[in-house]
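Produce the complete structure using the sequences and hints provided.
Read top to bottom, the protein sequences are chains A and B.
The first sequence begins at 65 in this note's numbering and counts up by one.
The second sequence begins at 6 in this note's numbering and counts up by one.
FYI, nobody ran anything at the bench for these hints, they're computed from the structure.
There could be a bad hint or two in this list.
Below, simulated BS3-like cross-link-like pairs (lysine-lysine); rule was C-alpha separation at most 30 Å, straight line [to be verified]: (1) B:K263 - A:K388; (2) A:K99 - A:K391; (3) A:K315 - A:K497; (4) A:K393 - B:K66; (5) B:K66 - A:K122; (6) B:K131 - A:K391; (7) A:K189 - A:K497; (8) A:K393 - A:K210; (9) A:K435 - A:K452; (10) A:K241 - A:K189; (11) A:K304 - A:K497; (12) A:K388 - A:K99; (13) A:K391 - B:K66; (14) A:K304 - A:K337; (15) A:K189 - A:K255; (16) A:K133 - B:K131; (17) A:K304 - A:K255; (18) A:K406 - A:K434; (19) A:K133 - B:K66; (20) A:K388 - B:K131; (21) B:K131 - A:K393; (22) A:K401 - A:K452; (23) A:K401 - B:K66; (24) A:K236 - A:K255; (25) A:K99 - A:K406.
Note that the structure is a prediction, hence the values are computed from the model and not measured.
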Amino acid sequence: MEHLNRRRFLRSTAIAAGLTASGTRLARLGAQSAKPYAGTRIKMSQVSHAYAAALLAKLPAFEQQTGIKVEIDQMSFPVLNQREDLELASGSGAYDVMQMIFIRSGRWIGAGWAEPLNAYIDDPKLTDKAALEVNDFVAGAMAPFKRGETIYALPWLSDSTVVGYRADLFYKAGYAKFPESFEALQEAAAKIHSRQVAGFVTEDNLHWIFPNWLLSYGGNFFANPPSDLTPSFDTPEAIKAAGIFTTMLSKYSPPGGIKLDPSIAQAIMQQGKAACFLDGMGNTQHIIDPRKTTLGDRMAFTNTPSGPKGHFPQLAVHGYFINKASKNKAAAWEFIKWAVSKETMLSAALEQGHLACTRASVLDHPEVRKKFTWRGSDLAALHLSVMKRAGAGYMVYRTVPQFPPIGDRVIIAMTAIASGQTNITDGMKSLQKDAEAILEKAGVKIRGKG
Amino acid sequence: MSSPRRAWAMLAVALLVLLVLSPAIFIVQMSFKSGLEAFQMPPTFTFQVTLQNYADVLQGKFLRALTNSTVTATVATVLSLALGVPAAYALSRARFRGAGLVSLWTLSTRMAPAIAFGIPFFLIYKELDLIDTRLGLVIIYLTFNLSLVIWMMRAFFDGLPRSLEEAAYIDGAGIVRAFSAIALPLSAPGLATTAIFTFLLSWNDFFYSLLLTRSEAVTAPVAIVNFMNYESWEWGKVTAAATMIMLPVVALSLVVRKYLVRGLTAGALKG
Numbered sequence: 065m066e067h068l069n070r071r072r073f074l075r076s077t078a079i080a081a082g083l084t085a086s087g088t089r090l091a092r093l094g095a096q097s098a099k100p101y102a103g104t105r106i107k108m109s110q111v112s113h114a115y116a117a118a119l120l121a122k123l124p125a126f127e128q129q130t131g132i133k134v135e136i137d138q139m140s141f142p143v144l145n146q147r148e149d150l151e152l153a154s155g156s157g158a159y160d161v162m163q164m165i166f167i168r169s170g171r172w173i174g175a176g177w178a179e180p181l182n183a184y185i186d187d188p189k190l191t192d193k194a195a196l197e198v199n200d201f202v203a204g205a206m207a208p209f210k211r212g213e214t215i216y217a218l219p220w221l222s223d224s225t226v227v228g229y230r231a232d233l234f235y236k237a238g239y240a241k242f243p244e245s246f247e248a249l250q251e252a253a254a255k256i257h258s259r260q261v262a263g264f265v266t267e268d269n270l271h272w273i274f275p276n277w278l279l280s281y282g283g284n285f286f287a288n289p290p291s292d293l294t295p296s297f298d299t300p301e302a303i304k305a306a307g308i309f310t311t312m313l314s315k316y317s318p319p320g321g322i323k324l325d326p327s328i329a330q331a332i333m334q335q336g337k338a339a340c341f342l343d344g345m346g347n348t349q350h351i352i353d354p355r356k357t358t359l360g361d362r363m364a365f366t367n368t369p370s371g372p373k374g375h376f377p378q379l380a381v382h383g384y385f386i387n388k389a390s391k392n393k394a395a396a397w398e399f400i401k402w403a404v405s406k407e408t409m410l411s412a413a414l415e416q417g418h419l420a421c422t423r424a425s426v427l428d429h430p431e432v433r434k435k436f437t438w439r440g441s442d443l444a445a446l447h448l449s450v451m452k453r454a455g456a457g458y459m460v461y462r463t464v465p466q467f468p469p470i471g472d473r474v475i476i477a478m479t480a481i482a483s484g485q486t487n488i489t490d491g492m493k494s495l496q497k498d499a500e501a502i503l504e505k506a507g508v509k510i511r512g513k514g
Numbered sequence: 006m007s008s009p010r011r012a013w014a015m016l017a018v019a020l021l022v023l024l025v026l027s028p029a030i031f032i033v034q035m036s037f038k039s040g041l042e043a044f045q046m047p048p049t050f051t052f053q054v055t056l057q058n059y060a061d062v063l064q065g066k067f068l069r070a071l072t073n074s075t076v077t078a079t080v081a082t083v084l085s086l087a088l089g090v091p092a093a094y095a096l097s098r099a100r101f102r103g104a105g106l107v108s109l110w111t112l113s114t115r116m117a118p119a120i121a122f123g124i125p126f127f128l129i130y131k132e133l134d135l136i137d138t139r140l141g142l143v144i145i146y147l148t149f150n151l152s153l154v155i156w157m158m159r160a161f162f163d164g165l166p167r168s169l170e171e172a173a174y175i176d177g178a179g180i181v182r183a184f185s186a187i188a189l190p191l192s193a194p195g196l197a198t199t200a201i202f203t204f205l206l207s208w209n210d211f212f213y214s215l216l217l218t219r220s221e222a223v224t225a226p227v228a229i230v231n232f233m234n235y236e237s238w239e240w241g242k243v244t245a246a247a248t249m250i251m252l253p254v255v256a257l258s259l260v261v262r263k264y265l266v267r268g269l270t271a272g273a274l275k276g
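Structure, rendered in structure tokens:
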């Protein structure tokens with residue numbers, strides 16, 4: 065056995081220490097290259113939603129993989145609207161990733177508050193384009209977030225208007241299937257409506273519900289958005305649509321039916337107090353929630369009815385974007401890629417019941433189709449068909465920067481007409497004047513003025 | 006009052022109390038119901054009691070929001086009283102030109118709706134790095150509460166006979182002693198009433214908490230709104246959280262109710 069003298073011992077110890085140190089250093093370097101964002105903290109604003117629950121469930125894996133620490137600030141939709149608007153307007157970089165609210169996208173993108181994403185998407189160091197597969201997002205969901213070829217947000221939620229209805233009540237009234245036109249729906253509602261069960265129920269966000277009628281009767285908010293924003297609320301088509309729509313509210317809705325928030329309208333349907341519920345898929349899908357109703361086995365889902373000019377279901381889209389004032393844009397992009405990835409969206413659909421997805425591959429997924437088929441109604445296919453239909457471009461009126469205040473005026477006008485405070489023609493003329501005033505104040509050129 | 010008349014009067018009072026309390030009762034009973042029973046019409050009064058809604062609320066960030074509310078409302082109330090009560094005493098007793106104007110200008114923060122001050126406050130707070138801090142909320146509540154404290158307490162001090170303090174001055178007391186040993190104890194009912202109103206104003210504030218917080222300093226009234234999910238409101242959590250918000254105020258009101266009644270009726274027979 066070789067004798068271990070002092071010199072040999074010191075030499076061996078020095079070599080061992082050197083190898084250990086360099087090994088540790090190499091390991092650290094390796095970890096750093098795998099986690100280029102290690103130590104970066106980002107903050108995200110997000111509406112309280114099942115999708116947020118899906119993100120939170122998967123977040124530890126993302127954080128582990130990238131080294132990015134993410135704080136998801138969830139808030140209700142009214143709070144989100146106010147907070148995001150204020151944070152963006154004040155140039156605060158408090159939130160790195162934010163939720164692009166459909167009806168505010170025109171203003172936010174126009175004001176330059178959203179970082180264009182093309183540079184991130186096209187950089188192979190930052191993005192595996194095949195994995196991201198931008199074309200997988202249905203065109204109708206992408207449209208509001210694109211200006212030409214520039215992409216400003218990637219969509220995670222697309223709410224399509226559909227109808228949930230009590231098949232038993234309609235069958236009893238002589239309807240083997242749900243009425244296909246708004247006028248036929250009105251007739252059916254008149255037959256079914258009683259003190260116990262209303263013929264129809266919807267939510268009070270009427271600038272979201274009324275366009276289902278308005279566009280189907282040939283009307284629109286503006287003459288030819290976005291090029292000609294002359295309001296068109298006083299046209300014969302708009303007046304006709306308003307008449308039929310407000311009759312549904314005043315005659316065939318439950319008591320207080322003009323002013324029911326989405327959750328109350330949903331609860332009325334769940335409690336068997338209404339025969340049909342027209343709203344976004346995100347709300348409508350829950351009328352069969354077994355924790356809240358025992359009537360699920362009598363419910364079915366279908367398309368919204370059509371009018372003389374066709375079928376115009378509405379689509380509201382929400383996406384994620386990078387705040388221009390963010391100091392962590394690359395990390396924010398890393399997070400957005402993951403948040404709207406096929407895997408994340410699929411898990412949101414299957415594990416959290418998020419049906420209002422934006423990726424065709426997720427909505428076409430066999431497990432998703434199976435999960436969301438209810439008594440013969442394939443909700444995923446229904447939702448996908450509305451998104452594809454909305455891709456035709458008729459939803460562009462909602463991304464006009466001046467839409468939010470005009471939308472508020474639409475709610476006031478519909479409420480005033482339905483409650484009998486004004487007649488249909490006067491109500492729509494008054495709405496027209498208010499919309500003109502809003503647009504003129506914003507410097508928008510209106511035909512026949514100035 | 007004869008017995009039958011008394012019985013009818015008691016019944017009327019009971020019905021009135023029930024009517025006034027019905028929204029609170031509705032919220033509390035709903036907080037103990039499952040989702041299936043919550044919206045049954047007509048409402049069911051016998052149901053399977055569940056504590057699940059409370060368990061769900063306590064699992065999230067609501068406790069933190071409740072703590073924020075407690076801290077900001079308490080500190081703002083204490084500071085408002087500490088600054089406002091001596092100011093009210095001074096304005097009640099001092100004789101100087103412009104005393105009325107000073108009183109009037111203390112109301113300036115209440116001369117416009119809160120929303121008018123919202124954006125300026127937000128921008129100032131952004132520069133001072135006070136957004137989403139408890140300190141920021143305390144300062145805001147202080148500015149709004151001070152006028153209430155000064156105006157309410159001034160009315161109480163005005164109702165106290167000056168002769169009591171003058172007697173103290175003759176006995177050698179200074180103004181501070183006269184204030185702390187004579188005026189303050191005599192105005193205890195007013196102090197209790199003012200304290201509870203001040204606390205309630207801060208406790209129930211929604212607007213400034215919405216505007217000036219993000220996630221760290223969010224108070225309970227804003228946190229409760231965040232249970233309103235985009236696709237379906239969580240009514241069980243909303244009502245459980247609302248019940249939890251009501252409890253401290255009910256407890257505080259019970260503790261000071263003796264003073265509260267005296268404070269509210271003080272001066273009712275004056276003049």
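Comparing the hints with the structure gives:
In summary, the hint linking K263 of chain B to K388 of chain A is not supported, as the alpha carbons are separated by about 57 Å, beyond the 30 Å threshold. A distance of roughly 18 Å separates the Cα atoms of K99 of chain A and K391 of chain A; the hinted pair therefore holds under the 30 Å criterion. The straight-line distance between the Cα atoms of K315 of chain A and K497 of chain A is roughly 27 Å, inside the 30 Å bound, and the hint therefore holds. A distance of roughly 28 Å separates the Cα atoms of K393 of chain A and K66 of chain B; the hinted pair therefore holds under the 30 Å criterion.
Using a Cα cut-off of 30 Å, the hinted pair K66 of chain B and K122 of chain A holds, with the two alpha carbons roughly 19 Å apart. Proposed proximity of K131 of chain B and K391 of chain A is supported: the alpha carbons are some 16 Å apart, at most 30 Å. Taking the CA atoms of K189 of chain A and K497 of chain A, the gap is near 53 Å; set against the 30 Å cutoff, the hint is violated. Between K393 of chain A and K210 of chain A the alpha-carbon distance is near 19 Å, which keeps this suggested pair within the 30 Å criterion.
For the given pair, K435 of chain A sits about 21 Å from K452 of chain A by alpha-carbon distance, which is consistent with the 30 Å threshold. A hinted pair counts as satisfied when its Cα atoms are at most 30 Å apart, and K241 of chain A with K189 of chain A does not qualify at roughly 53 Å. Distance hint between K304 of chain A and K497 of chain A is fulfilled; the C-alpha atoms sit about 18 Å from each other, no more than 30 Å. At most 30 Å may separate the alpha-carbon atoms for a hinted pair to count; K388 of chain A and K99 of chain A meet this at roughly 24 Å.
The suggested pairing of K391 of chain A with K66 of chain B holds, with an alpha-carbon distance near 27 Å, which does not exceed 30 Å. Of the pairs offered as hints, the one joining K304 of chain A and K337 of chain A holds, with about 28 Å between alpha carbons and a cut-off of 30 Å not exceeded. Distance check on the hinted pair: K189 of chain A and K255 of chain A sit about 63 Å apart at the alpha-carbon level, beyond 30 Å; violated. Restraint check: the Cα-Cα separation between K133 of chain A and K131 of chain B comes to about 24 Å, which is no more than 30 Å; the hinted pair holds.
As the CA atoms of K304 of chain A and K255 of chain A are separated by approximately 22 Å, the hinted pair is consistent with the 30 Å bound. With a CA separation close to 18 Å, the supplied pair K406 of chain A and K434 of chain A stays within the 30 Å bound. For the given pair, K133 of chain A sits about 18 Å from K66 of chain B by alpha-carbon distance, which is consistent with the 30 Å threshold. Restraint check for K388 of chain A and K131 of chain B: the C-alpha separation of about 17 Å stays at or below 30 Å, so the hint holds.
Among the hinted pairs, K131 of chain B with K393 of chain A is consistent with the structure: their alpha-carbon atoms are about 21 Å apart, no more than 30 Å. For the hint linking K401 of chain A to K452 of chain A, the alpha-carbon distance of about 23 Å falls within 30 Å, and the restraint holds. With a C-alpha separation of about 27 Å, the suggested pair K401 of chain A and K66 of chain B falls inside the 30 Å cut-off, and the hint holds. Simply put, K236 of chain A and K255 of chain A have alpha-carbon atoms about 10 Å apart, close enough for the 30 Å limit, and the pair holds.
Restraint check: the Cα-Cα separation between K99 of chain A and K406 of chain A comes to about 22 Å, which is no more than 30 Å; the hinted pair holds.
In this structure, the hints that do not hold are numbers 1, 7, 10, 15, in rising order.
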